[in-house]
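**Student:** I would like the entire structure built from these sequences, with the hints used as guidance.
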Amino acid sequence: MSTSEPRIPGRRFLHSPGPTPLPDAVLHAMSVQPMDLGDPRVGANIAACERGLRGLLQSDAADVFMYASNGHGVWEAVIQNLAAPGQAVLVPGTGHFSESWALQAEALGCRVVRTPWREGWPIDAQAVEQALRDDRAHEIQAVFVVHTDTASGVTSDVAALRRALDAARHPALFVVDVVASLGAAPFAMDAGGVDVAVGASQKGLMCPPGVGFVAVNAKALAAAERCTAPRFYWDWVRRRDAMPYRKFCGTPPQNLLFGLEAALGLIADEGLDAVWARHARLAAAVQAAVQGWREGGVLDFFAREPASRSVAVTTIAVKPGAFEVDALRHVAREQFQVALAGGLGPLNGRAFRIGHLGDSNPAMILGALAGTEAALRSMGVPVGEGVPRAVRALAER
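Numbering (our numbering), first residue to last: 3 to 399.
Hints were generated in silico from the structure; no laboratory data involved.
Quick caveat, the model's predicted, so the values are computed rather than measured.
Here a beta-carbon is modelled for each residue, glycine too, at the ideal position from N, C-alpha and C.
Among the hints, a few may not be true.
[Said to hold, decoys possible] Derived CB-CB ranges, DEER-like:
1. Pro173 - Gly111: 15 to 23 angstroms
2. Ala376 - Thr230: 53 to 61 angstroms
3. Gly382 - Gly12: 25 to 33 angstroms
4. Glu307 - Ala220: 29 to 37 angstroms
5. Arg116 - Met381: 35 to 43 angstroms
6. Arg9 - Leu268: 24 to 32 angstroms
**Tutor:** As structure tokens, then:
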């Protein structure tokens with residue numbers, strides 16, 4: 003960041019759905035000197051992160067593999083460990099991120115079976131079941147599911163999708179991307195019949211980007227041992243080692259892991275039920291504001307089904323031609339110090355997004371909503387009263 007930029011008093015509110023605001027405890031934890039790899043504190047830190055992630059994922063026995071990567075990196079780890087070139091995977095349609103995962107699998111030589119995506123709606127469990135029934139030869143190795151699509155703000159029903167696999171009596175592995183939902187919404191890996199969970203550090207885990215991870219059960223690890231896809235850095239079998247150096251196929255990203263350990267400690271101290279309740283309360287406030295804004299006839303929820311609206315991020319659809327989304331983001335950021343996210347992929351220019359996950363509280367959310375509403379009004383966008391509705395939603399919960 004340039005030192006010639008004028009100082010802005012106070013703090014700019016960061017309300018993208020990733021990166022998210024970092025707690026002071028995480029920032030402080032990352033500010034220490036790294037250690038030599040023989041220092042026993044390195045191994046203790048890694049073990050604490052593995053233990054904390056298993057607790058957050060609610061898995062007693064899964065192997066946890068962490069990478070110096072973002073979520074796209076651990077997508078590649080999943081693909082390379084579970085499907086060799088020429089083999090098939092099923093990617094149910096949920097928007098931008100399911101399609102991105104599908105394209106990545108195809109780039110690595112896999113054959114991808116897709117189910118259709120209906121804009122604004124969660125994954126169609128019946129379509130998943132039918133796709134698996136149609137695969138009579140059981141060529142599909144795994145089903146890659148995005149729990150919450152960060153672009154659309156839609157959360158799909160993991161339990162319903164697990165039931166679809168069971169109803170089809172298909173042996174495919176059940177892989178769930180929880181990048182945008184973990185630490186914000188309930189998720190139970192073992193109880194939910196999930197074979198592999200895929201996550202990253204920069205959203206509900208309240209850390210900087212840079213640590214991706216997978217949790218792998220015994221069935222999935224056995225599949226990785228059989229998989230003939232060429233791999234080295236991503237290889238779960240190679241990384242299943244007690245030595246820190248081998249766990250990371252090289253030097254661990256120590257300072258990021260110090261921050262992750264601190265963040266997992268904060269989540270454990272607050273308690274999972276309290277964390278989930280806090281996110282639900284903040285999401286209800288944002289949704290109440292959008293309900294007011296939509297009365298102007300220009301804005302609306304992108305997620306059509308209220309039950310599928312994410313507790314992590316709200317995607318707000320913009321009436322075509324009403325205003326430029328990037329102009330709104332500029333005004334919100336530069337005049338009102340609220341950083342919002344734009345639309346991704348097919349929603350580029352058609353939506354903006356408000357993140358309400360991670361280290362967030364009611365005051366922060368009200369500030370973000372007030373800044374957003376001020377930006378909308380300063381641009382002449384017709385909106386109903388949003389902030390008073392959010393205040394009432396918070397006061398009533």
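**Student:** Hints the structure violates: just list their numbers, smallest first.
**Tutor:** As far as the earlier hints go, not one is violated by this structure.
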